[in-house]
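Here the protein sequences line up with chains A and B, keeping their order.
Using this note's numbering, the final residue of the first sequence is 185, and nothing's skipped along the way.
Using this note's numbering, the final residue of the second sequence is 1297, and nothing's skipped along the way.
A few of these clues could be false.
Derived SDA-like pairs (lysine to any residue); straight-line CA-CA distance at most 20 angstroms [said to hold, decoys possible]:
#1 K32/A <-> E1189/B
#2 K32/A <-> L1063/B
#3 K1170/B <-> P162/A
#4 K32/A <-> F1158/B
#5 K52/A <-> N1169/B
#6 K32/A <-> A1188/B
#7 K32/A <-> A1191/B
#8 K52/A <-> D1090/B
#9 K134/A <-> L91/A
#10 K32/A <-> R1232/B
#11 K32/A <-> H1088/B
#12 K1170/B <-> T38/A
#13 K32/A <-> T1094/B
#14 K9/A <-> K32/A
#15 K32/A <-> D1153/B
#16 K9/A <-> E1087/B
#17 K9/A <-> H1088/B
#18 K32/A <-> E1125/B
#19 K59/A <-> H1088/B
#20 K134/A <-> E109/A
#21 K32/A <-> E1135/B
Residues on chain A that point at chain B, a partial pick, calculated with CB under 10 angstroms [as the list claims (entries may be wrong)]:
#22 N26
#23 M28
#24 K32
#25 Y37
#26 R40
#27 S43
#28 M44
#29 Y102
#30 K105
Think of the hints as simulated: they come from the structure by calculation, not from any bench.
Every residue, glycine too, gets a C-beta built ideally from N, C-alpha and C.
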Amino acid sequence: MFSASDLRKGLKVEVDGHPYVITEYNFMKPGKGQAIYTCRIKSMIDGSTQVKQYRSNDKIDKPQLEEKSLVYSYKDGDNYVFMDEQYEQILISGDVLGDQRYFLKEDTEVDILFHNQLPIGVELPIFVERKVIKTEPGARGNTATNVMKPATIDGGYELQVPLFVNEDEMIKVDTRTGEYVERVR
Amino acid sequence: MRVGASALQLEKRSRLLTAIRQFFLSGGFTEVETPVRLIAPALEMHIDAIPSGHLFLRTSPELHMKRLLAEGIAPIYQMGPCFRADEHGDWHRTEFTLLEWYRLHADYKDILTDTENLIRSVALELGSAKVDVQEPWVRMTVSQAYRRFAGWDPVGDFEPDRFDGDMVNKIEPALPPDRVVVLMDYPAEVAALARRSPSDPRIAERWELYMGGLEIANAFSELTDAREQRLRFEQCALQRARHGADVYPMDKAFLACLEAGLPDCAGIALGVDRLLMALTGVRSIEEVQAFGNEGKG
Chain A
1 MFSASDLRKG LKVEVDGHPY VITEYNFMKP GKGQAIYTCR IKSMIDGSTQ VKQYRSNDKI
61 DKPQLEEKSL VYSYKDGDNY VFMDEQYEQI LISGDVLGDQ RYFLKEDTEV DILFHNQLPI
121 GVELPIFVER KVIKTEPGAR GNTATNVMKP ATIDGGYELQ VPLFVNEDEM IKVDTRTGEY
181 VERVR
Chain B
1001 MRVGASALQL EKRSRLLTAI RQFFLSGGFT EVETPVRLIA PALEMHIDAI PSGHLFLRTS
1061 PELHMKRLLA EGIAPIYQMG PCFRADEHGD WHRTEFTLLE WYRLHADYKD ILTDTENLIR
1121 SVALELGSAK VDVQEPWVRM TVSQAYRRFA GWDPVGDFEP DRFDGDMVNK IEPALPPDRV
1181 VVLMDYPAEV AALARRSPSD PRIAERWELY MGGLEIANAF SELTDAREQR LRFEQCALQR
1241 ARHGADVYPM DKAFLACLEA GLPDCAGIAL GVDRLLMALT GVRSIEEVQA FGNEGKG
């Protein structure tokens, strides 16, 4: 359990059985009165936010969070199959992974965050390299980076790339934003 | 910012401190310095002291200053660091600068006159970003403010949790942002060290000053009745013990001084950092203290 004086921006708390992270924190103490802690909390599952107020004597639950390194094996329908060190298979649905699912690479290790044994998110390397499998041919010699066109990368994810990027070329993608970073030679 | 506040803020802070001292000097006040480490910090329900060896860092110089008043040393003022445990946020730091002044044979309305004169004179020196301090100050009783903005009257029917919650969520946000506001006549239940009004025992002669919704100062007609003061300390000690808070020793020297007789007097505690925040229009107390970005918590 946390007490109200532990509250800080970035602290992970549990409210109504769900894990949240505190994104805004405001300490108020009206003249001679008790401290009131106003926090905006963001769900670690669906990203929704809400405002909660706590008093000095309130106790706040600590979420049971665990990070495990798992190896991604293969996709099975809507599920993604991971393997732990004991070769146990763990199924995670595409909903939990969100857009991150496009950046998984077979036989590579990723960190998966579990809340009460249930997977709630995945932490990938910040940058991954992917092959462009579909895009309109760009104007040769055009190296401008501000004019973009749609492209599909290996795994089916669509993003915007500069005109000079061609099919079969490798590009670097930022997994936090899903955006193009640079062409890989 | 490696030193917390900007050079410009530190220069303004210096001018503010000088203007404050100038004001009290020309008003015939004596500047005093009382101990920073105390045996017995004032017993208040929601103020926690930081231990310093076998003593405590002062949360306010109030009790020592009243002992000087009892010796006839008046009017007096003091400006210096005070410390309160676990207070951290945009408006709070565990270490901050408090200005307190006291007058003999005066009440909370006399202190309000001093405060108007002080803040208007320092604003002439420094300017005032958002709040027009030269305009007439808005005076409102706590009862009026709660009836108008929160739909109930805490005077006579006091609910502590609701009172504090509504102050933060309903009253303070509703105060005019461009005017100085004085909330007067607090319910007797939150009198702290203020005396009850002789004409209405349900209220205490206490007011709080707001600039742009930010609480700046708290003033009282001081409680000088030794018996009632001892009773309030005892009740507070019980209440603190019940909530698992540290119970500080009773300040025997202060109570003895009330028993020997302290004339009618009045005083105020004003947050100097917050006054500078209000005058310069900055959002966070870190921006007005040198190294305000260090040693949080």
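### Message
Given the hinted pair K32/A and L1063/B, is their Cα-Cα distance within 20 angstroms?
### Response
holds (16 angstroms)
### Query
Taking the least C-beta to C-beta distance, is Y37/A closer than 10 angstroms to chain B?
It holds, given that the least Cβ distance between Y37/A and chain B is near 8 angstroms, below 10 angstroms.
### Message
Just to be careful: measuring from the Cβ of K32/A to every Cβ in chain B, is the smallest value less than 10 angstroms?
### Response
holds (5 angstroms)
### Query
Within 20 angstroms, alpha carbon to alpha carbon, are K59/A and H1088/B?
OK: K59/A and H1088/B at ~18 angstroms, within 20 angstroms.
### Pair hint K32/A and E1189/B, alpha-carbon separation not exceeding 20 angstroms
holds (11 angstroms)
### Message
Given the hinted pair K9/A and K32/A, is their Cα-Cα distance within 20 angstroms?
### Response
The given pair, whose Cα atoms are some 25 angstroms apart, is violated under the 20 angstroms limit.
### Query
If you draw a straight line from the CA of K32/A to the CA of F1158/B, is it 20 angstroms or shorter?
holds (15 angstroms)
### 20 angstroms Cα cutoff - pair K32/A, T1094/B
holds (15 angstroms)
### Query
Hey, does the Y102/A contact hint survive, CB to chain B under 10 angstroms?
Violated, about 40 angstroms.
### Task
Under 10 angstroms, Cβ to Cβ, is where R40/A needs to be relative to chain B, so tell me if that hint holds or is violated.
violated (14 angstroms)
### Message
Check whether the Cα positions of K32/A and E1135/B lie no farther apart than 20 angstroms.
### Response
violated (28 angstroms)
### Query
Going by Cβ atoms only, is M28/A closer than 10 angstroms to chain B?
holds (5 angstroms)
Hint compliance for this structure: hints 3, 9, 14, 18, 20, 21, 26, 27, 28, 29 and 30 are broken, all remaining hints hold.
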